[in-house]
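Undergrad: With the sequences and hints as input, model every part of the structure.
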Amino acid sequence: MAQIIETNHTPWPEVEVDPVTLDVIENALQNARVQMDAILFRTAISPIIREQRDGFPVLANREGMMLAGQFGSPIDGFVHTYDGEVEEGDVLLTNDPYACEGAISHLNDWLFCMPVFYQGRLLGWTAMFGHMSDIAGMTPASMPVTATDQLQEGIVIPPVKVVAKGVLQRDLIKLAFRNSRTPDWNEADFFAILSACRTGAARLVEMADRFGADVLISAQNRLLERNREAMRNLIMTTMPEKPVYFEDWICDDAMGHGPYKMACEMRREGEKLIFDFAKTSPQSPGCINFYLNERMFKMFCGQFMVNVFDPQIVLNDGYIDLIDVRIPKGCLLNPIAPAALNGRTHALGRIFDIISGLFGSANSDFLVAAGFSDSPHFMYSGYSPKDDWFLLFQIGFGGIPGKPGGDGPDGHSLWPKFRNVPNEYIEAYFPIRIERFESIPDTGGAGKHRGGNGVRTEYAFEADGQISIHDDRWLTYPWGVKGGKPGTRGRKLMVRVDGSTEIIPSKIDGIKVKAGDRLIFDTWGGGGWGDPLERDLDAVAYDIKAGLVSVEGARRYGVVATADGAIDAAATTALRAEMAASRGPVDAFDFGPPIAELKARCFEETGLQPPVEPQLSRIATAWLRKNGMAYPDTAVAAE
Amino acid sequence: MSYRVGVDVGGTFTDIFLLNEQSGKSFTAKVPSTPADPSIAVIEGIAKACRQNGVDPREIGHVMHGTTVATNAVLTGNGAKVGLIVTEGYRQVLHLARGFVPGALSGWINFVKGKPLAELHSTIEVSERMGADGKIVRPLDEAKLRADVRRLADTGVGAVTICLINSYANSAHEERVEEIVREVLPDMSISVSSKTLPEMQEYERAVTSVANAFVKPVVSRYVTNLQNNLQATMGDVKLSILRSDGGLAAARSAADYPVNLLMSGPAGGVAGAIWVARQAGFDNIITFDMGGTSTDVCLVEGGEAQVRRETVVHDVIVRASSVDVRTVGAGGGSIATVPELTKALRVGPQSAGAVPGPAAYNKGGELPTVTDANVVLGYLPSESKLGGDMAIRRDLALKAVQKVADALHLSVEDAAEGIIRIVNENMFGALRLVSVEQGYDPRRFSLMGFGGAGPLHANALGRLLKAWPVIIPPGPGVLCAAGDATTSLRDEAARTLIAPVDSISRDELRTYFAELEQRVRATLDADGIARDEQDVRYQVDMRYAGQSADITISFEPAEFEQSGLVLAAERFNVLHEQMFNFSLDKAKEIVNLRVIAQGGGAEVGSLVAPKGDGNPARAAIETTRVYSDARWHEATIYDRSKLCEGDRVEGPAIVFELDSTTLILPGSHAMVDKVGNLLIRDND
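Residue numbers (the working numbering), protein chains in the order written: chain L, 1 to 639; chain F, 1 to 684.
Derived by calculation from the structure, the hints in this document are not laboratory data.
The reader is advised that the hints may include incorrect statements.
The calculated lysine to any residue pairs, modelled on SDA-like cross-linking and capped at a C-alpha distance of 25 Å, are [said to hold, decoys possible]:
id, chain 1, residue 1, chain 2, residue 2
1, F, K403, F, D414
2, F, K113, L, P416
3, L, K161, F, K115
4, F, K115, L, G405
5, F, K113, L, D536
6, F, K113, L, F366
7, F, K403, L, Q312
8, L, K272, F, D585
Here's a subset of chain F near chain L, in silico, CB distances under 7 Å, partners left out [what the hints assert, rightly or not]:
id, residue
9, Q92
10, V101
11, A104
12, L105
13, G107
14, I109
15, N110
16, G114
17, H121
18, I136
19, T337
20, L408
21, G429
Ideal Cβ placement from N, Cα and C applies to all residues, glycine included.
TA: In structure tokens:
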């Protein structure tokens, strides 16, 4: 437990805050967060932060409750784990998910926390994490698919001070940068994040000057209460006491096990919402474990609920006591150390599908299809023709789900802030050409509002090297809702320079490539929303003309048309009537075929062998037995 | 006698600024805009200004013009139907864009993506490939292209844009495609991305080139009409258009690259602000141009506006230099709401616009807006007129704001003050973004408020920003027109050159700069600006190798001759430290080289206010009441046209003029300076 050193022990008095000042302070907090982002993205050097924007800021109050941010506050975990004094001018760093209760989810994310003092008293905290491109470990980019424990993934930094009383700890950061294949990027990104934290801190101090520290602190409390009250209200009015259950899957763990079930039962008890993940698969011996931080999960829930009713609200941690998250120790979402975590992106993304599935089951107003709930990783490293070592790391986008307000865009990012990296930039800096970059017709699930199409990226390698891939949804489908159809699954095809082809598994390390080889990387489509037979004919015609839906694909909407988008009205009416009559009742969800059937047809359909049933890993059985527990043991999760 | 005229065409009014080039005396006129053909209002306005001041229109030698014609074409989607030719595999370059979804984690749920400026069914692929090193990977398949171009023409396109991968490195294929398109479709308007924007990044280059083609016919038609009409009434007259970057360009060349005009309107405001500030002796200002639906802010240091390599119009972001004007969706028409769930007070970004407008305008609007709050608080006296004929109905404003008051359980006055405080906070965020966040201390700057609503809010924002004095220029509504008339001709040329700073010899750089200099000087030559009046500056965009944000470093050609890029690299470190609190001991790389040429002779014209005795009583119209800090105050309304140099106006006061109303808060006062500016400061 960290000991916070304050030189002034006068408590902040609780004062009245008029409602307008409250809203002004809410805006000011949001502005401060935006400014932290702005600083980071302008000064970071690695493509992953500067172009794809993988970095996230937080402002928190004295107690570490998030006031503005996106993933909940990491401060609590930090303060619990850090063993030492924390003083004015200190900045703490960790990259160990196990040391901060999963506030970050893999070692590449470096989390900085900075206490903000005002007149000798702790005023609040700023924090930010950003993705470091490489932090040593078995493979370039430090996300070894075949890792079986954390130490194989790279340098582990427990919570340490990188700035102590305002003094940069140069020896320490030298050590950190030495453990990287991309020390220059890491160094620039390190200072960029630090600069952003300081900017946030300066804004908090300015706010204390401007409004008075007691007003600021009291207003923060009011804002926390306001979020809580809004959430309480929504829970009471939109969520049922009767349990709802939803499950989705991670297709495999790169070691031949899968699919892993992510299962959650949600119910309301009084004003509290309980999420119980007891039926989730055990943790994997491989890298796909995701240490689900409870606050992060609660924040995701808030995004889906509160933001829908007041889009301008600045979500904070005020309501966290209204949500109870129970995750059994030793399961995929609460792994026991030192389980590997670097492939957590799939489970992290799939949590969104779980939340929308649960909320949609509870209340159909919230129902949206499954979509691009992932961040497929593509890594390519080697020596360039100029003999420079290089590392390219890219995150792929895909089809956004169909939703009540309209179609899901083709080939966009479900994650906020992310942008794709310009291909000309990649070609200028890496020995690779991107021969094709387009969304794939008919890959979005059919629906009244169709799912977005997945993306085809065709890489032509210009240097010998190796590639790694983290991807998913090659076995299970991105589901559709309210009659909408699932999107298609992802696939990766290698075309060797000699013309031979091979299907590349979804999660793989160290595939050797030669100059002239090509990789065709197809991401998956979003699920459809609503009955495809009710889709607006003009929308179908537009998609056909634009080449986003084929003439054959249009038949999924019951539409008969020619390639120039001309619709045969009579044939369409007839086809729609026939399809409506023959399909039977429409379910809320369309998951595609059941798992058993998918596995049975796996090789035939995907060219890959089906995975086998997951087993509890040795790390987990050892720990559970030593602690006298069985799996799953929900009593532990509730601690 | 010779005159020059500055013209600003706004959504509602067209403003004319007529300047006697010998005496520096200026006249203004205002006529309603004519959106169907904006040139009609321009001619009428000039005629009116001449008539009222006894000037013969034939004495006008130069008309300088800021226009929103290009901007409006993008906003309304009313441009050319553009066909796009891209490299095979990149047909969806505009459709996929950067894959960005705005908003928070759940942002995608409400995200509705607009259609691309060139539609997919009017986009064809050409089989060819250029490498990033400028070497040909695959030759151009000309036979297939010819057939496809005919097919493209059949989709009814009125213009064709060619944007091939890596054309910034080697434009040979683009140029060959251009030749073929010209052969097949001799009358087609064609634009080529390596000419419009010879820079890396395929999406940005494509969207910029397409946007250029999209607005080109509209702008061409407008410029031609205007030039013809001007010639008919004034004889031989030179027409120049203000570009987004704040420089003037001859109308013809401006019409060739209209993508550079998307911020022409706001640039006029900034140019005008600089001109007025310079005369009043202020070099460092932050402009604050608050209109009906949005507010534009811009930082001016040492008399020069910051220029940004990006122009944003709604959801279209193009790579074109523009004065670094940041826009927030907060204006007089911003609507206040109280969501049921949170009972928080929200202002904007929804706006009542001109129709139905604020409730007080009695044009059907019933929702409470910022303007209504200003009316309730007495800042906009209901007796006065807004820019002419708009009567203000306080009763309707009260009724609208009451809805917010009821929801918040506040008095109607406190609710109105709340609306003002919230909208001020939104604008404060934008002001901070251009100052503090760029490493500038706003206390070193003065805040200049203009636009329809700027002078009402500027005093309060000056307090938030601590940027004193707050300057309210005379005739803030015609500021843009004045800026147009008093700025100088300018041209720039750039090329992408991504390379480590120390990897390129000075000779090689000299060749590049010389080539660019040649181009910009030729433009100014064509405008009849003598070589010795051409001010040439070199720029290099520099960054740490691989970094996203480049910083533009400017220097004189002589500096370059002396020390190459050594000084520029040192300056980069200093600026990086200033903007981001750190610098690195790392290799720097060049991103772009640029040369800017500017014509001299902008220092014409000045404003003079009559001298007074310090007592503004002569200008007092009547007393009124304003509500501030939760209570009513007695205040005086002044007629600005009767204020004189040296007058001290004590707050609370309202200074009224034809197209704007200034609020001086309790605890502040305004001094009238020698050019007629109101300089507002806090009393303590």
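Undergrad: Hints first: check each against the structure and report whether it holds.
TA: Here is what the structure says about each hint:
no. : hint            : verdict
1   : F/K403 - F/D414 : holds, 12 Å
2   : F/K113 - L/P416 : holds, 15 Å
3   : L/K161 - F/K115 : violated, 49 Å
4   : F/K115 - L/G405 : holds, 16 Å
5   : F/K113 - L/D536 : holds, 17 Å
6   : F/K113 - L/F366 : holds, 20 Å
7   : F/K403 - L/Q312 : holds, 19 Å
8   : L/K272 - F/D585 : violated, 53 Å
9   : Q92             : holds, 4 Å
10  : V101            : holds, 5 Å
11  : A104            : holds, 6 Å
12  : L105            : holds, 4 Å
13  : G107            : holds, 6 Å
14  : I109            : holds, 5 Å
15  : N110            : holds, 6 Å
16  : G114            : violated, 10 Å
17  : H121            : holds, 4 Å
18  : I136            : violated, 13 Å
19  : T337            : violated, 9 Å
20  : L408            : holds, 6 Å
21  : G429            : holds, 4 Å
In summary, the structure is inconsistent with hints 3, 8, 16, 18 and 19 from the numbered list given earlier, while agreeing with the others.
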